[in-house]
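Chemist: Listed here are the chains, written in short residue letters.
Number of protein chains: 2
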Amino acid sequence: MDKKLYEEKVSSREIFKGKILKLYFDQVRLPNNKITTREKVEHPGAVAVVPINKKNEVILVKQYRYPVDIVLIEIPAGKLDGREEPPIECAKRELKEEVGGQGGSFIHLAQIFTSPGFSDEKMDIYLVLDFEEKENNLDDDEFLHIIKIKLKDCLKMIKNGEINDAKSIIGIMMARDYLEIE
Amino acid sequence: MDKKLYEEKVSSREIFKGKILKLYFDQVRLPNNKITTREKVEHPGAVAVVPINKKNEVILVKQYRYPVDIVLIEIPAGKLDGREEPPIECAKRELKEEVGGQGGSFIHLAQIFTSPGFSDEKMDIYLVLDFEEKENNLDDDEFLHIIKIKLKDCLKMIKNGEINDAKSIIGIMMARDYLEIE
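Residue numbers (the working numbering), protein chains in the order written: chain C, 1022 to 1203; chain D, 1022 to 1203.
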């Protein structure tokens, strides 16, 4: 039954190959045999982590995001170092770099597609409990502020739109479900 | 304090202008005055809707997504018809086209950034209760199957990864919170 949904690639043109993104402009054959075009952004994939300390505070980062021209409040996250890096290794590295410190084991909350309509970005989201912050170890060109906010208050900030980054909403809501916090 | 986080655009080059996406390769000045590059995908913006009928079933769509090469289960969604279309109008249009039928008022659940690290895509998510399905009215080149799944079962499918599209996870979890379903 699903066969009627598939599209077949007819041709593919690489438009751009950047440090992070690749852009393809492809032709596909639709289930009705018509030909149409698809614009596809290739992304190496990413991870995000919800670190929660013993006071039930989530460790968040405030970070300027150039594409949206806003400072956003997000859970720590980062891109895979190439498609071959295991997500769990990337999660450990990013947490150490952006936040510093360590916690218990990495609990896998979800693997999501952030925007499957135009990009193949896949993201693994982890929860780390009993997290203890230390000094972070930012890349030279990474600028962010760390803030700590009670999980309950994070949920309020999602409701009122102060936290509006998709991966952060998903990570925090799934952490709540995992911890069975009302 | 946030001032230290901002990046200043130094130059911008349009690499691609497609039917949907634009890609820019920009130079920016970092807070430490170093110059670096940014790859930015411009997207017109989008909406998504969680339609729930009187049996507490969510109306979902199964749809092939070319960028990820998978059939995904998602809430109905669509792109704005240009950046000027009011999201609520787009939500009504898309719901009618993809699913057909009508419900009560559109309850605004959230406005999210789907992937702020590389794209400016902004998405408004709505909840529609007491939804009654009628025949849909798909574009010639739109292929999807409609399925109805109890809200409780949708939540299980999020947990086990069968629903893994970011906007759908957020819409369904926020609908649960709105309806205060355990």
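Keep in mind that the hints were calculated from the coordinates and are not lab data. Among these hints, one or two may not hold up.
Any copy, or any two copies together, can satisfy a pair, since identical chains are not distinguished.
To be verified - Taking lysine-lysine and the DSSO-like style, the derived pairs with C-alpha atoms no more than 30 Å apart in a straight line are:
| hint | residue 1 | residue 2 |
| --- | --- | --- |
| 1 | LYS1075 | LYS1030 |
| 2 | LYS1180 | LYS1025 |
| 3 | LYS1025 | LYS1155 |
| 4 | LYS1055 | LYS1180 |
| 5 | LYS1155 | LYS1055 |
| 6 | LYS1025 | LYS1083 |
| 7 | LYS1113 | LYS1055 |
| 8 | LYS1076 | LYS1043 |
| 9 | LYS1030 | LYS1143 |
| 10 | LYS1076 | LYS1169 |
| 11 | LYS1025 | LYS1100 |
| 12 | LYS1143 | LYS1083 |
| 13 | LYS1173 | LYS1043 |
| 14 | LYS1055 | LYS1076 |
Chemist: None of the hints should be skipped; say for each whether it holds.
Modeler: Consistency of the hints with the structure:
| no. | hint | result |
| --- | --- | --- |
| 1 | LYS1075 - LYS1030 | neither (51 Å within a copy, 40 Å between copies) |
| 2 | LYS1180 - LYS1025 | between (39 Å within a copy, 28 Å between copies) |
| 3 | LYS1025 - LYS1155 | between (53 Å within a copy, 22 Å between copies) |
| 4 | LYS1055 - LYS1180 | neither (43 Å within a copy, 37 Å between copies) |
| 5 | LYS1155 - LYS1055 | between (57 Å within a copy, 27 Å between copies) |
| 6 | LYS1025 - LYS1083 | between (44 Å within a copy, 11 Å between copies) |
| 7 | LYS1113 - LYS1055 | between (46 Å within a copy, 27 Å between copies) |
| 8 | LYS1076 - LYS1043 | neither (42 Å within a copy, 44 Å between copies) |
| 9 | LYS1030 - LYS1143 | both (21 Å within a copy, 28 Å between copies) |
| 10 | LYS1076 - LYS1169 | within (10 Å within a copy, 41 Å between copies) |
| 11 | LYS1025 - LYS1100 | between (34 Å within a copy, 23 Å between copies) |
| 12 | LYS1143 - LYS1083 | both (22 Å within a copy, 19 Å between copies) |
| 13 | LYS1173 - LYS1043 | neither (39 Å within a copy, 38 Å between copies) |
| 14 | LYS1055 - LYS1076 | neither (58 Å within a copy, 38 Å between copies) |
When each numbered hint is compared with the structure, violations occur for hints 1, 4, 8, 13, 14.
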